[in-house]
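Participant: Heads up: the sequence shown begins at 183 in the working numbering, then just goes up one per residue.
FYI, nobody ran anything at the bench for these hints, they're computed from the structure.
Don't take every hint at face value.
[As the list claims (entries may be wrong)] The following label-pair restraints were derived from C-beta to C-beta distances:
1. Gly284 x Pro239: 39 to 49 angstroms
2. Arg294 x Phe314: 13 to 23 angstroms
3. Ala393 x Asp202: 33 to 43 angstroms
4. Thr401 x Gly340: 15 to 25 angstroms
5. Glu366 x Asp202: 22 to 32 angstroms
6. Ala365 x Ser243: 11 to 21 angstroms
7. Leu215 x Pro309: 34 to 44 angstroms
8. Pro309 x Glu392: 15 to 25 angstroms
[What the hints assert, rightly or not] Straight-line alpha carbon distances no greater than 20 angstroms define the calculated EDC-like cross-link-like pairs of lysine to aspartate or glutamate that follow:
9. Lys246 x Asp285
10. Lys399 x Glu373
11. Lys247 x Glu281
12. Lys336 x Glu373
13. Lys211 x Glu389
14. Lys242 x Asp274
15. Lys242 x Glu266
16. Lys299 x Asp274
17. Lys312 x Asp339
18. Lys298 x Glu311
19. Lys312 x Asp291
20. Lys247 x Glu270
21. Lys312 x Glu281
22. Lys312 x Glu283
23. Lys247 x Asp263
24. Lys242 x Glu283
25. Lys350 x Glu373
26. Lys246 x Glu266
27. Lys211 x Asp274
28. Lys242 x Glu270
29. Lys298 x Glu266
30. Lys312 x Asp274
31. Lys298 x Glu288
32. Lys299 x Glu266
33. Lys336 x Asp291
34. Lys242 x Asp207
35. Lys298 x Asp321
36. Lys350 x Glu389
Please read all numbers here as calculations on a predicted model, not as lab measurements.
Idealized CB from N, CA, C, for every residue including glycine.
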Amino acid sequence: MLGGCEANYMIISASMLAADFSQLDRELKRVQLGGAQWLHLDIIDGAFAPNITFGVPVVKSIRKKSSLYFDLHLMIQRPMDYLEVFAEAGADCITFHLESEGDPAEIIDRIRSLGKKVGIAISPGTPAEKLFPYTGQIDLALVMSVEPGFGGQKFLDGSLQKIRALRKAAPGLMVSVDGGINAETAPQAREAGANVLVAGSYVFGAEDVEAAVYSLKCTSAAR
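With the hints as constraints, model all of the structure from the sequences given.
Facilitator: So, in structure tokens, the structure goes:
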């Protein structure tokens, strides 16, 4: 068991998009035993972003296999139409995009009525300030540090300023960052104010998942 850096407690949310879907049971166990606290589930509909991932049946089936916190990220055009089914499938927190269709306030209220935590995500082209009116109504703000759609993209440095702006505007809010997270970018995101790091290939692709998770929490930024 690796130790240290307890003072800088971070949540690592392992992005299932990078998992080996032919061995999901094994993959889920690996990331949980390796120290990831959350499982990040990207639901992409092919309309909001140029990819199609998985839906309700997959979420429901892995809920039976994992006790991790399910961090559900809806990259879909009409999130209001799918909130109830994903809540029933086992989501713990449901995050929708500010750029998607629908009134954000109504979507927030609907997620709350289903007994789930609420997050709002913003894509790289959306300023952090667009989220400010909602920071008092949500549990999590998700900054996309790559363009929505596919894993394995390079971290966009402009995301750091958005994280700083959100942390200053809402000191108690959970701020998550998703895309291009590894041992080099994680400390930059942490120092900017993120306290949830979404990592896909860096975690699922590691031979030693525990060491990979530890490095996300504990490496120092290059000076």
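Participant: It remains to establish, for every hint, whether it holds in the given structure.
Facilitator: Against the structure, the hints:
For glycine 284 and proline 239, the Cβ-Cβ distance of about 24 angstroms falls outside the hinted range of 39 to 49 angstroms, so the restraint is violated. Look at arginine 294 against phenylalanine 314: about 19 angstroms separates their beta carbons, and that is inside 13 to 23 angstroms. A hinted range of 33 to 43 angstroms for the beta carbons of alanine 393 and aspartate 202 is inconsistent with their spacing of about 19 angstroms. Between threonine 401 and glycine 340 the Cβ separation comes to about 22 angstroms, which falls inside the hinted range of 15 to 25 angstroms.
Between glutamate 366 and aspartate 202 the CB atoms are about 24 angstroms apart, so this pair conforms to the stated range of 22 to 32 angstroms. For alanine 365 paired with serine 243, a C-beta distance near 32 angstroms fails the hint of 11 to 21 angstroms. Taking the beta carbon of each, leucine 215 and proline 309 are about 39 angstroms apart, inside 34 to 44 angstroms as hinted. The hinted window of 15 to 25 angstroms between proline 309 and glutamate 392 is violated, with their beta carbons roughly 37 angstroms apart.
The suggested pairing of lysine 246 with aspartate 285 is violated, with an alpha-carbon distance near 33 angstroms, which exceeds 20 angstroms. A threshold of 20 angstroms between alpha carbons decides the hint, and for lysine 399 with glutamate 373 the separation of about 11 angstroms falls inside it, so the pair holds. As the CA atoms of lysine 247 and glutamate 281 are separated by approximately 32 angstroms, the hinted pair breaks the 20 angstroms bound. Taking the CA atoms of lysine 336 and glutamate 373, the gap is about 19 angstroms. The hint holds against a cut of 20 angstroms.
The suggested pairing of lysine 211 with glutamate 389 holds, with an alpha-carbon distance near 14 angstroms, which does not exceed 20 angstroms. Taking the CA atoms of lysine 242 and aspartate 274, the gap is near 12 angstroms; set against the 20 angstroms cutoff, the hint holds. Of the pairs offered as hints, the one joining lysine 242 and glutamate 266 holds, with about 13 angstroms between alpha carbons and a cut-off of 20 angstroms not exceeded. For the proposed pair lysine 299 and aspartate 274, the alpha carbon gap of about 6 angstroms is at most 20 angstroms, so the pair holds.
Restraint check: the Cα-Cα separation between lysine 312 and aspartate 339 comes to about 19 angstroms, which is no more than 20 angstroms; the hinted pair holds. A hinted pair counts as satisfied when its Cα atoms are at most 20 angstroms apart, and lysine 298 with glutamate 311 does not qualify at roughly 25 angstroms. The hinted pair formed by lysine 312 and aspartate 291 meets the criterion: a straight-line CA distance of about 18 angstroms does not exceed 20 angstroms. Of the supplied pair hints, the one linking lysine 247 and glutamate 270 holds, its CA atoms being roughly 16 angstroms apart against a limit of 20 angstroms.
For the hint pairing lysine 312 with glutamate 281, the CA-to-CA distance comes to about 10 angstroms; that is within 20 angstroms, so the pair holds. For the suggested pair lysine 312 and glutamate 283, the alpha carbons sit about 15 angstroms apart, so the restraint of at most 20 angstroms is met. With a CA separation close to 26 angstroms, the supplied pair lysine 247 and aspartate 263 exceeds the 20 angstroms bound. A hinted pair counts as satisfied when its Cα atoms are at most 20 angstroms apart, and lysine 242 with glutamate 283 does not qualify at roughly 25 angstroms.
Between the alpha carbons of lysine 350 and glutamate 373 the distance comes to roughly 13 angstroms, so the proposed pair stays at or under 20 angstroms and holds. Taken as a hint, the lysine 246 and glutamate 266 pair is honoured in the structure, with Cα atoms around 18 angstroms apart against an allowance of 20 angstroms. The suggested pairing of lysine 211 with aspartate 274 holds, with an alpha-carbon distance near 19 angstroms, which does not exceed 20 angstroms. With a C-alpha separation of about 8 angstroms, the suggested pairing of lysine 242 with glutamate 270 holds against the 20 angstroms cut-off.
Proposed proximity of lysine 298 and glutamate 266 is supported: the alpha carbons are some 10 angstroms apart, at most 20 angstroms. Simply put, lysine 312 and aspartate 274 have alpha-carbon atoms about 25 angstroms apart, too far for the 20 angstroms limit, and the pair is violated. Annotation: proposed proximity of lysine 298 to glutamate 288 holds, straight-line Cα distance about 14 angstroms (limit 20 angstroms). For a cut-off of 20 angstroms, the pair hint linking lysine 299 to glutamate 266 stands: about 13 angstroms separates their Cα positions.
Distance restraint check for lysine 336 and aspartate 291: the Cα-Cα separation of roughly 34 angstroms exceeds the 20 angstroms cut-off, and the hinted pair is therefore not satisfied. For the proposed pair lysine 242 and aspartate 207, the alpha carbon gap of about 13 angstroms is at most 20 angstroms, so the pair holds. With a CA separation close to 10 angstroms, the supplied pair lysine 298 and aspartate 321 stays within the 20 angstroms bound. Simply put, lysine 350 and glutamate 389 have alpha-carbon atoms about 37 angstroms apart, too far for the 20 angstroms limit, and the pair is violated.
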